[in-house]
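Enquirer: Sequence:
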Amino acid sequence: MEWMMMPYRRYADFSGRSRRKEYWMFVLLSLIVTMICMMLMLGGGMMSAEETGSEPGLLFWLGAGLLGIFVLGSFIPSIAVQVRRFHDQDRSGWMVLLGFIPYVGGLIVFIFMCLDGTRGPNRFGSDPKNPHNADIFA
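First residue of the sequence shown? That's 27 in this note's numbering, and the numbers climb one at a time after it.
Hints are not guaranteed to be accurate.
[To be verified] Just the calculated beta-carbon pair ranges, DEER-fashion:
{"hint": "1", "residue 1": "65", "residue 2": "149", "range": "40 to 48 Å"}
{"hint": "2", "residue 1": "118", "residue 2": "90", "range": "18 to 26 Å"}
{"hint": "3", "residue 1": "54", "residue 2": "120", "range": "24 to 32 Å"}
{"hint": "4", "residue 1": "40", "residue 2": "81", "range": "39 to 47 Å"}
{"hint": "5", "residue 1": "84", "residue 2": "41", "range": "41 to 49 Å"}
{"hint": "6", "residue 1": "147", "residue 2": "95", "range": "33 to 41 Å"}
Hint data in this document are derived by calculation from the structure and do not stem from the laboratory.
Cβ atoms here follow ideal geometry from the backbone N, Cα and C, with glycine treated the same way.
Given only the sequences and the hints, what does the whole structure look like? Please build it.
Expert: In structure tokens, the structure reads:
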């Protein structure tokens with residue numbers, strides 16, 4: 027749970043580096059929250075057709091409201107953790123803009139998010155997996 031919440035603690039921190047674990051745990055948390063909100067919206071959200079002509083019910087609006095609050099609150103941390111992942115690979119944070127390329131941009135960013143970071147310190151900071159650059163066999 028600590029890895030899932032770390033991007034929120036570093037809310038608008040676009041400097042430094044982040045491990046793959048931090049990024050993918052944040053993505054997992056986002057997926058879980060989105061699925062719960064969607065279940066609220068779809069599962070019990072529609073009133074019966076006899077009552078109102080199939081208008082959205084209370085649970086639909088509750089799920090939509092919670093999802094909206096979550097998306098607004100997670101927008102900046104999601105960009106920040108993606109920038110830090112690019113920094114971990116010694117790439118510019120501006121590579122986040124690759125996601126705006128139609129059709130293939132999301133796939134390109136996905137592949138970069140799966141790649142391991144550079145070992146040891148780079149121009150964006152120390153290695154998050156080994157912050158003191160200690161070698162076990164040295």
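Enquirer: Given a hinted range of 24 to 32 Å, is it respected by the beta-carbon distance of residue 54 and residue 120?
Expert: holds, 26 Å
Enquirer: Is it true that residue 40 and residue 81 lie within 39 to 47 Å of each other by Cβ?
Expert: Holds: the Cβ-Cβ distance is about 43 Å, inside 39 to 47 Å.
Enquirer: Do the beta carbons of residue 65 and residue 149 sit within 40 to 48 Å of each other?
Expert: The hint (40 to 48 Å, Cβ to Cβ) holds, given that residue 65 and residue 149 are roughly 44 Å apart.
Enquirer: Go ahead and decide if the range 33 to 41 Å is satisfied by the Cβ distance of residue 147 to residue 95.
Expert: Roughly 38 Å apart at Cβ, these two residues keep to the hinted range, so it holds.
Enquirer: Falls inside 18 to 26 Å, the C-beta gap from residue 118 to residue 90?
Expert: The hinted range 18 to 26 Å is violated for residue 118 and residue 90, with Cβ atoms some 36 Å apart.
Enquirer: Just tell me: holds or violated, for the beta carbon distance of residue 84 and residue 41 against 41 to 49 Å?
Expert: holds, 43 Å
Of the numbered hints given earlier, the model fails hint 2 alone.
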